[in-house]
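Protein sequence lines correspond, in order, to chains L and Z.
Going by the working numbering, the first residue of the first sequence is number 84, and it counts up by one from there.
Going by the working numbering, the first residue of the second sequence is number 84, and it counts up by one from there.
No lab work stands behind these hints, which were simulated from the structure alone.
Treat each hint with caution, since some may be false.
Because identical chains share one entry, a pair is satisfied inside a single copy or across any pair of copies.
What the hints assert, rightly or not - Straight-line alpha carbon distances no greater than 30 Å define the calculated DSSO-like cross-link-like pairs of lysine-lysine that follow:
| id | residue 1 | residue 2 |
| --- | --- | --- |
| 1 | Lys366 | Lys463 |
| 2 | Lys366 | Lys163 |
| 3 | Lys178 | Lys113 |
| 4 | Lys463 | Lys432 |
| 5 | Lys178 | Lys423 |
| 6 | Lys345 | Lys366 |
| 7 | Lys345 | Lys423 |
| 8 | Lys178 | Lys324 |
| 9 | Lys324 | Lys366 |
| 10 | Lys324 | Lys463 |
| 11 | Lys174 | Lys324 |
| 12 | Lys422 | Lys163 |
| 13 | Lys113 | Lys345 |
| 14 | Lys113 | Lys463 |
| 15 | Lys163 | Lys457 |
| 16 | Lys423 | Lys366 |
| 17 | Lys113 | Lys457 |
| 18 | Lys113 | Lys366 |
| 19 | Lys178 | Lys366 |
| 20 | Lys324 | Lys113 |
| 21 | Lys174 | Lys463 |
| 22 | Lys423 | Lys324 |
Protein chains: 2
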Amino acid sequence: MSATFVIAQGGGPTAVINQTLVGAALEIRKRHPGARVLGARHGVRGIRDGDYVDLTDIREDQLRLIGRTPSSALGSTRDKPDAAYCDVILKGLQKAGADAFIYIGGNDTAGTQQILADASGGSIAFVHAPKTIDNDLEENDHTPGFISAAEFVAGAFLSVDLDFRALPGIYVGIVMGRHAGFLTAASAAWQLDEDSGPHLVYVPERAFEVSRFVDDVRATLDRHRRCIVAVSEGVSTADGKALVESLVPPERLERDAHGNVKLSGSDLTAALEQALATHLPGKRARVDALGYMPRGYVGAINPVDSEEAFNAGAFAAAVAGEGGGSVALQFDGRQTVLKKVPLDHVAGKTRHMPPDFMQADANRLAQPAYDYLKRLVPAKYQVGRPFV
Amino acid sequence: MSATFVIAQGGGPTAVINQTLVGAALEIRKRHPGARVLGARHGVRGIRDGDYVDLTDIREDQLRLIGRTPSSALGSTRDKPDAAYCDVILKGLQKAGADAFIYIGGNDTAGTQQILADASGGSIAFVHAPKTIDNDLEENDHTPGFISAAEFVAGAFLSVDLDFRALPGIYVGIVMGRHAGFLTAASAAWQLDEDSGPHLVYVPERAFEVSRFVDDVRATLDRHRRCIVAVSEGVSTADGKALVESLVPPERLERDAHGNVKLSGSDLTAALEQALATHLPGKRARVDALGYMPRGYVGAINPVDSEEAFNAGAFAAAVAGEGGGSVALQFDGRQTVLKKVPLDHVAGKTRHMPPDFMQADANRLAQPAYDYLKRLVPAKYQVGRPFV
């Protein structure tokens, strides 16, 4: 009997996660002629429910068009299966006759694969293919999806900075990222010169203090006449609580099914607006959440990111033939290389920004962060220096 | 003595307003060798304060680079001068030896030019060159800046719709536009098929009712499993009050210097979130303001928009030699043509979406709106249909 491969997508979509799906599907078809390739709808839910798209015979040009399409074409899920749920998934995979399961996602997804691999006793190969705009996977130099998201954020802040040169004021842009500040740091990737925003960058790796924030903004206004701020939605106060928990009354806090505080509703926006209005009255201030744009904006799909995502999928197909594991994008000093690493090196772990990415005494990036961003997100647009 | 031309930029920046500046400057240099070209910083404030950039001898390649740069390179202002302020401006123009003043902006900017023209007695030519992402200028088929902004909004909603196909829920995107719904309508320009979002579009031209909104969302969820909504920040209830005024307690309402209610802070976002949480409890819902991105995102500068904006500037230079007036972009059934129209046809007036752009009995676009958008904002990206 021919082999069966199951592929699924988990967690938040990215601009290039479909490249990984298509890279895996095409590589399986090349390596294993006659094999069945099944796409599970909405991640492990599709396996639980036996809900599959048969990718075995879809024309290559159609698959490649899907690859160029942002978001998760198979649908996704936020489910983080426990042992009992994993048992149901395992039975579902057995019922489908799966020889391998490639799950594309972040550290939670790797965690699911780890549990399944432990429970299966080796009868099925479990592969994790990396994806996350948060760029927070251990063993990886960077992750597929990050470059495109970073490009959107870099362009957004370049644009807003030009806007606020024309009409001065305070702008605070809230950027996705619960635990790692890489994406928020990308806001500074395309600064034109010393005067350019973002002038302040607040990341989850460093404790956030409202009084310090207000002082920082005031000093920036004195110096630049405007103040552009990038804030990670996951910034926390020194007691380890998410900022939104410090600013919003407990009865108004929203939580998701896992009990995580909802970081990016209007509460954080309103609280920061309020802090600015109270402490810097009369200043024009605007607080916006960049929202979902960075993770899938159709106009910011980076070709390098696309290619790396595709190759990670193809590599995952190879790893499926070698007993499973996690695919990692590493940097050999010259270029990105793909490696197979053990699932438990990635599962459930969070990679943070290195401490030397931030200046010790200011909420600004330090040189190593600029070097890293310059390598991954080089300037894309040529713009002139305004007359103001 | 050689002629002197003053140019300024007013109101909110756009992605292509600098093309109009550069188009005007280069055309003046071509038509009037030896003429002085002065750029006033921050609109009429620069004239009041004698704060000019001399554009006479800046190299053409440098100017063209500025043209490709989003936002207002001369800086802008929200000042709407009254008669006394206009008197100061007039004196400033006389002091600078101005023979003509080209002011790039929207209907308020045209209004300033109208007052100045009436007060000057014909000694200076006053020209209004159009610019606005709101697309709300009379006499114009569309305005420079709109196409790029519309392209961003169309791409944003295409992307968010794909995101919510993967992880279903309710998404509400708030789009700039105080009185006219064109930009919000552009959210539907790149729908893939009948199932595509935005499923609901709320524009200022039509009274907004919270109960109807909730019913609309509920019905859409039943039909599509997700609901993508585009809401103009300027939507009003039947009594003519801005929605934010109906939803937010009066003491919390923010107003600008002109007494206009601030439409796009977190209040509207929070109020819509609250309405959804109350009436559709337990549904995943996200309300985001697209904020400033549409008006100047460096990654969504449309080449046709750029060219039209440049040509409008060059045409304004010609109109400056003909006693002044307002430059209008009209459509002759085949292509965009530039016309000179009287300032008072545009000054202080608002062009609304034609009533037949919306379906009579649903908050969705009608065919004439799709036809209009298809002409101005044709699909730019090829994307595939997801499997969910």
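Alpha-carbon proximity between Lys423 and Lys324, which holds within one copy, between copies, both or neither at 30 Å: neither (35 Å within a copy, 60 Å between copies)
Intra- versus inter-subunit Cα pairing at 30 Å for Lys324 with Lys113: neither (49 Å within a copy, 63 Å between copies)
Lys324 and Lys366: within-copy, between-copy, both or neither at 30 Å Cα: both (29 Å within a copy, 26 Å between copies)
Same-copy or cross-copy closeness of Lys324 to Lys463 [CA-CA at most 30 Å]: neither (37 Å within a copy, 43 Å between copies)
Intra- versus inter-subunit Cα pairing at 30 Å for Lys113 with Lys457: neither (36 Å within a copy, 40 Å between copies)
Homomeric proximity label, Lys422 with Lys163: Cα distance no greater than 30 Å: Intra 25 Å, inter 61 Å, cutoff 30 Å: intra-copy only.
Homo-oligomer pair classification [Lys423, Lys345; C-alpha up to 30 Å]: neither (34 Å within a copy, 53 Å between copies)
Alpha-carbon proximity context of Lys113 and Lys345, limit 30 Å: The answer is neither: 43 Å in one copy and 58 Å across copies each exceed 30 Å.
Alpha-carbon proximity context of Lys463 and Lys432, limit 30 Å: So Lys463 and Lys432 fail the 30 Å test inside a copy (32 Å) and across (39 Å) alike.
Homo-oligomer pair classification [Lys366, Lys113; C-alpha up to 30 Å]: neither (61 Å within a copy, 42 Å between copies)
Lys423 and Lys366: within-copy, between-copy, both or neither at 30 Å Cα: neither (53 Å within a copy, 39 Å between copies)
Same-copy or cross-copy closeness of Lys174 to Lys324 [CA-CA at most 30 Å]: neither (39 Å within a copy, 58 Å between copies)
Of the numbered hints listed earlier, those contradicted by the structure are 1, 4, 7, 8, 10, 11, 13, 14, 15, 16, 17, 18, 19, 20, 21 and 22.
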